[in-house]
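Trainee: Fit chain B to the supplied structure of chain A, relying on the hints for placement.
First to last, the sequence lines map onto chains A and B. Under numbering that gives the first Met the number 0, think of the first position of the first sequence as 0, with each following residue one higher. Under numbering that gives the first Met the number 0, think of the first position of the second sequence as 0, with each following residue one higher.
All the pointers check out, no bait thrown in.
DEER-style ranges, computed between Cβ atoms: (1) A:W202 x B:E63: 52 to 62 Å; (2) A:L160 x B:S111: 39 to 49 Å; (3) B:E63 x A:R201: 53 to 63 Å; (4) B:S112 x A:Q248: 28 to 38 Å; (5) A:S141 x B:Q72: 29 to 39 Å; (6) A:S141 x B:Q228: 54 to 64 Å.
No lab work stands behind these hints: they were computed from the structure. Computed from a predicted model, the values in this text were never measured in an experiment. We treat Cβ as the ideally placed atom computed from N, Cα and C, and that holds for glycine.
Residue-level listing of the chains:
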Amino acid sequence: MTTSRLGFGTLLSGLSLLLLLSVTLAVMIGPVPLAPDLVWRVAFHELAPGLVTPDWEAFQRNIIWELRFPRVLLGGLVGAGLAVIGATMQALVRNPLADPYLLGVSSGASLGAVAVILFGFNWFGIYSLSFAAFLGALLAFSAVYLLALQGGRLTTGRLILAGVAVAYVFGALTNFLIYNADNGEQVKSVIFWMLGGLGGARWDYLGMPALALALGTLYLTVQARSLNALSVGEETAATLGVDTSRFRQQIFALCALLTGTLVAVSGGIGFVGLMLPHMLRFLVGADHRRLLPVAALAGAIFLIWVDVLARTVVAPQELPIGIITALLGAPFFLWLMRRNGDALGRR
Amino acid sequence: MRVDVCEVSWGVAEARIVREVSLDCPVGSFVGLIGPNGSGKSSLLRCIYRILQPDAGIIQLDTEDVWRLTARQAAQRIGVVLQEHSGEFDFSVREMVFMGRTPHKTLFERDSSEDVRMVEHALHQVGMLAFAERSFLTLSGGEKQRVLVARALAQQTRLLVLDEPTNHLDIRYQLEVLDLVRALGVTTIAAMHDLNLAALYCDQLYVLKSGSLVASGPPEEVLTPALIQAVYGVQAEVALHPATGRLHVVFLPRCTEVFR
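Extracted from the complex, chain A is given alone in its bound form (with noise of 0.2 Å):
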């Protein structure tokens, strides 16, 4: 630990830098390129007027500023959340193939969206949409959360089996919602919306996720000892400390805020959350006090630039981010695996 620490810090500041690069690029490139000089300077003028002389068009600033640094950036917030959320989720269940959805949350968030887009619902204006889906994640999770619980301690087991059950009942009256619309447009609209895109983003959007990550990875970062511990075994974290059922129901209630938070401003994203923690292992190891950190970076990057492609590869069309982050990375991580020996851990 003592002697990978400056390699460790090496490595944050090394994706910390790339986290910027990739921002940088993923604002340059589009229908109207863009320098990246031009980027900045607009960036530092809306954030800092007077600091920089405006010599640019007013559609420039648009693009730049009202388009795609929102939309970037929403992406390096919910790549990071889900990264963190999916490697967390994998230590509390100890099973490498949970992921953030293991809890039925995007699909009550599904339920919610599909019933906004559907029904026309529009209580909240512009966030219909996000909070229906919000509050969806939400009610799949206390369903999951309450059928799992036992003598008020919340079992592994018990806890997945109710996630999957309740999953397939969402998921059954959605497609049902689905099913009998009648109007094409929606049912492509919704389609759309379920594989994930972050078309959408607005500065508005950003500021509920950022806040709700910021926080929630501070507080796992400083549980990851306990964290570590519980991934090792349930009666071995007891026995070095770690209060396991309250700390249990703590986490999964934040890892559940948190990907509703997430779902319901960017569709059901797949992927990211399984394998990206997964790969972050091969690279430093199972530690959370090193995999968390790297993770909200790596995953950042990692969707940042898979929306790249998404609006770029079929422009002006645009293909729901959730198709490419599958097809993408499930080759790289096969290759990755037979490159390491087994994915689970090397045994």
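Mentor: Relative to the frame of chain A, chain B by itself:
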């Protein structure tokens, strides 16, 4: 640390797994729990290290009731080496041992040079220092067991609870681990399968059968052919071994004439 287990009972539904068992472990003593499989040894130990809450009875560490401590306080006092290890995640040996420092660290605290020293010392004590950077999952059963002992040592507790500590070890490391624990002079409560090792290392033996205490005392008093017959259902002869001066048990097969 002195440990008093007073009339502890624990069970599931109607089944009484542990029935009013009392142990008396003076400071620095090595106490062995023996008895056949399913006699309640592990359950009693789990009551002591707070996995199972007893239905009745009290467990005291010096003057403190174990079940009135917080999880963290308990882990600062009790180090545990578990029988089985399961886990899918690939920690290094060093990281596993570092986990022993968990109950001593506050949330924002980083590993100090003192922690590093304790971890290295613990690894050295179990002869695993050379394996520090290896993946824990790639180790043999015996090596894993020694790492888990090192983790309990790094925890720096005044009570050690060992559940079949020598289960996966070959004979050399069985002796080394038990020698090491004895030499620490820390109060130790261990469930033991091997009666000869129990006789060799334990100051006091407690014999459990079907959850009840059937005998207790120094090995020479407890391990009689009659007791072994009654508890394990096997014939045995016992004698003081001239080299160790400790009791030695020889088990007699049912069909001795076959071997003649």
